[in-house]
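Chains as they are written, first to last, in the UniProt record's numbering: chain A, 1 to 412; chain B, 1 to 329.
I should point out that these hints are in silico values taken from the structure, not numbers from a laboratory.
For glycine and all other residues, C-beta sits at the position ideal for the given N, C-alpha and C.
It cannot be assumed that every hint is accurate.
[To be verified] Pulled a few chain B residues facing chain A out of the computed Cβ check, cut under 10 Å: (1) Arg16; (2) Asn18; (3) Leu81.
[Stated by the list, open to error] Which stretches of chain A does chain B cover? Using the computed rule of at least three CB atoms under 8 Å from a CB of chain B, they are: (4) 111-119; (5) 338-352.
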Amino acid sequence: MNNLQGHVLDVARVREDFPLLARTVHGKPLVYFDSANTAQKPRVVIDAVDRYYREFNANVARAVHQLGEEATAAYEGARDKLARFLGAPSRDEIVLTSGTTQAINLVAYSWALPRLRPGDEILVTTMEHHANIVPWQLVCERTGARLRVAPISERGELVVERFVEALTPAVKLAAVAHVSNVLGTINPVAELARATRRRGIPLLVDGSQAAPHLAVDLRTLGCDFYAMTGHKLFGPTGTGALWARREILHDMPPFFGGGEMIREVRFEGTTFADPPHRFEAGTPNISGFVGLGAAIDYLGGLDHAALVAHERALLDHLTDTLRAVPGVRLFGEAAHKVPVVSFLVDGAHAHDLATLLDHEGIALRSGHHCAHPLMQFFGVPATLRASLAFYNTHEEIERFVAALARVRTLLA
Amino acid sequence: MDDAGPLYPQLVLEHRRNPRNRGRLDACTHAADGVNPLCGDRLRIELRCVDGRIAELRHSGEACAVTVATASMLGELVEGLDAAAVEVLGGRFAAYIEGRGDAAGLEALAAMAGLQQHPARRKCALLPWATLRAALAGSTAATTETEIRMHARTAIAPFAFRAATDADVEAVVDLVQSAYRGEGSKQGWTTEADMLDGRRTDAAGVAALLAAPHSKVLLAESADGLLACAHVERQGDAAYFGMFSVRPRLQGGGIGRAVLAEAERIAREEWACREMQMTVISIRDELIAWYERRGYRRTGQYKPFPYGDERFGIPKRDDLRFELLVKAL
Numbered sequence: 001m002n003n004l005q006g007h008v009l010d011v012a013r014v015r016e017d018f019p020l021l022a023r024t025v026h027g028k029p030l031v032y033f034d035s036a037n038t039a040q041k042p043r044v045v046i047d048a049v050d051r052y053y054r055e056f057n058a059n060v061a062r063a064v065h066q067l068g069e070e071a072t073a074a075y076e077g078a079r080d081k082l083a084r085f086l087g088a089p090s091r092d093e094i095v096l097t098s099g100t101t102q103a104i105n106l107v108a109y110s111w112a113l114p115r116l117r118p119g120d121e122i123l124v125t126t127m128e129h130h131a132n133i134v135p136w137q138l139v140c141e142r143t144g145a146r147l148r149v150a151p152i153s154e155r156g157e158l159v160v161e162r163f164v165e166a167l168t169p170a171v172k173l174a175a176v177a178h179v180s181n182v183l184g185t186i187n188p189v190a191e192l193a194r195a196t197r198r199r200g201i202p203l204l205v206d207g208s209q210a211a212p213h214l215a216v217d218l219r220t221l222g223c224d225f226y227a228m229t230g231h232k233l234f235g236p237t238g239t240g241a242l243w244a245r246r247e248i249l250h251d252m253p254p255f256f257g258g259g260e261m262i263r264e265v266r267f268e269g270t271t272f273a274d275p276p277h278r279f280e281a282g283t284p285n286i287s288g289f290v291g292l293g294a295a296i297d298y299l300g301g302l303d304h305a306a307l308v309a310h311e312r313a314l315l316d317h318l319t320d321t322l323r324a325v326p327g328v329r330l331f332g333e334a335a336h337k338v339p340v341v342s343f344l345v346d347g348a349h350a351h352d353l354a355t356l357l358d359h360e361g362i363a364l365r366s367g368h369h370c371a372h373p374l375m376q377f378f379g380v381p382a383t384l385r386a387s388l389a390f391y392n393t394h395e396e397i398e399r400f401v402a403a404l405a406r407v408r409t410l411l412a
Numbered sequence: 001m002d003d004a005g006p007l008y009p010q011l012v013l014e015h016r017r018n019p020r021n022r023g024r025l026d027a028c029t030h031a032a033d034g035v036n037p038l039c040g041d042r043l044r045i046e047l048r049c050v051d052g053r054i055a056e057l058r059h060s061g062e063a064c065a066v067t068v069a070t071a072s073m074l075g076e077l078v079e080g081l082d083a084a085a086v087e088v089l090g091g092r093f094a095a096y097i098e099g100r101g102d103a104a105g106l107e108a109l110a111a112m113a114g115l116q117q118h119p120a121r122r123k124c125a126l127l128p129w130a131t132l133r134a135a136l137a138g139s140t141a142a143t144t145e146t147e148i149r150m151h152a153r154t155a156i157a158p159f160a161f162r163a164a165t166d167a168d169v170e171a172v173v174d175l176v177q178s179a180y181r182g183e184g185s186k187q188g189w190t191t192e193a194d195m196l197d198g199r200r201t202d203a204a205g206v207a208a209l210l211a212a213p214h215s216k217v218l219l220a221e222s223a224d225g226l227l228a229c230a231h232v233e234r235q236g237d238a239a240y241f242g243m244f245s246v247r248p249r250l251q252g253g254g255i256g257r258a259v260l261a262e263a264e265r266i267a268r269e270e271w272a273c274r275e276m277q278m279t280v281i282s283i284r285d286e287l288i289a290w291y292e293r294r295g296y297r298r299t300g301q302y303k304p305f306p307y308g309d310e311r312f313g314i315p316k317r318d319d320l321r322f323e324l325l326v327k328a329l
C-alpha cells in the first residue's frame, strides 16, 4: 500500500494516552486484546467526563441557565462531531442512542414493524451479531415476515452473488455488518448498497466494529441506516448513534415517549419534535456523549493513514504467527480484515485457554461472541478471539504467542 | 510453568487429563443432558441407581477443564448416595465456590476453590451438578440457567430396580392391565384397547413366571409405587423379554428405555445370554419401530395369536399374529 508509506504511528506515545494500558494483571503487564469487546479510553475522554461532572453538570435542552447552556453545547457538540466523523450529510440525521443495539431496535420497532406484512422478508448474513438478528426475529414474529440469511464462504467472506440473488421483491430490508465482530471481515458495503438501491431495498449497516478501524464515509457507502456504538470507539459505554436519511427519519414514528421528544403535549394529543430529538425521549447520557465527543476529537488528532498501516501490520503479524503454530485453527481469513483474529487450539477448550492466558496478563475473549449462527456455521461452540486496536504492539503479539505455547502444555 | 493460577491447581489439571467415570453406561436408570449456554458446553450424565442410591455414574461430552474435572470429582463423591444427599452436597458446593461456606464433605472438590475468584467460570462447575440433579429428578435435560428444564412428557421421580416377589403379584397384574387394556390404557401409546378386550394377564400367570427357573419379573419403583415392569427369562443362549408395561401417564419419559436396558443387562451379565428375543403383535408398527430404534430387528418369523385362549385377551379382529424380534447382546 504505497499511499501508507511514510505514515508511522508512534505507538509508545499513543499508549501513554491510555492510562489503563499501564496496569498489571496477576503481576504481569497487561496485554489487552479485547478491544472489539470494548476499547480502552484515552485520558482526554476520562477527563472530559470528569470535567462535565465537576464543572458543567446540568440537564440538556431544558435549562436556560449558564450550566445548561454549556452542557447542551457539549452534548449537541457530540452530535456534530459524530456527523462529521461518519460523513453524514446533516447533523439532524444523527439520532443519539445508548449504542448499536438500541439503534437497530429503533429501526426495528419504528421503521420495520409498521411496514412489514406477512410474506415480506428481511435479509441478513450468517456473520451477524445477535444485535442484528434478534430485533428482526422479533419483528418477523409480530408481522409474519420472514428472516432470510445470505451465506458466507469458509474463508469468512460474504458471498456477494448470493446476497444479490436473495434481493427478491419480497425483501423489504437488508441488514449487514460493516465488519464482523468474530472474523474481522470487512464487508463490501458500497457494492451491496448499489445492489439494494437499484432494487429500492433499504440497507441497514451495523457499524459497531467498523468505526474504530475504518474511515467511515456515509456519502460514499450509500446505505440507508448506519448504527454504531461509542464504547468500541474509545468513548464511554452507553453511547451510540443511528444515522438514517432525513426522509426516512421523518416518516418514522417515535419509539420511546417522554420529555425532550415533544413539540406540544395536550391530553387530547401530542405533537412530536422533528428528528433527531423525536427519538431521544428522556434525559440522555450527557456525560457519555461529552466523552464520546472527546474520543472523536482524539481520533481526529491521529494520523489515520498511520493508524491503518499499523493495524494492518499487527494483523499480518498475528495471523502469520498463529498460522505457524501447530494445532491452531483460524476462523476467518478474508482478504479485507480489521485486526480481529478468531481461533481454536486442538485439545484445549477456549475458556480454559482464556483463563490461563488471563493469568499471564493477556486479556482476550472466549465464547460465542454473540454470534451463535456463525458458530453453528463453523461447527464449533466457541472460539478464542484476539481483537487489537492501534494501541497494541508487535511485542505484545510475541508475548501472547509465547504465553499461548506455555499454557497449552498445561492442558496437554 | 508451575503456577497456572487459582483455577487450575495440579489436582484439577490431573482430573481433566484423566477423568474418572468418563464414558457411557450400557444400562442406566437415569440420564440427563446438561448445557451451559455461556459457552455451549454439553455434558451427559448417566446413572445406574439401586434402591434409590447411585451405584454407577458416567459422564461424557465436550466441555472445559473446570466442567470435566468437577464431573470427575463429583462422580467419586456421590457414589452410594441418594437424591437427598446429593442435594445437600450440591448446595454445599455452590456455597463453597461462592465463598459462603467451607469444603466439609466435598473431598477432592475442595480443589475448585479458585472459582471463588472466578465468578465468570462458576457455571462451568455447576453444570455437572445441575445435570446430575436433573437426572435424579427424572428429567432428561438441564441447563445452568434454569437448573432443570423438563423435556420429558411427565416428570418421573427417581426410581430403582428390583425383582418382584409373590407379594407383588397383584400390583403387577394391575400395572400390565392398565398399560394394555381399557380406556385408561389410551393415555399411553402401548394400548391394545382397540385390538383386544379381556385380560392381558392374571395373578396365576404372573405367579407362574415368578416360580419358573431363570425367570425374573423386573420392577421399576419410586416412592410413588410401581412405575414399570417386564418379564425376562433365560431360554438357553437367549433371553426372552415380555410383559413389558409402563404406567400409561409416564410413557414417553424414558423409563421404558431404562427397563429394557436393565433387562438386557441382566440377560448379558447375569445369564451370559447372547441374544434377546421378544414377540410383538405384528400390526403394531409404532411399537416395532420403537424396538428397532433400540437395536432390535424383525425376523419375519411369525407365531399365531392364541385365538380361543382368553388368558391373552378377547381379540376384536381376526388378523392378529406375533412377530419375533431379536437383538444380539
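TODO: Could you check the structure against the hints above and give me the numbers of any it violates, in ascending order?
DONE: 2, 3, 4
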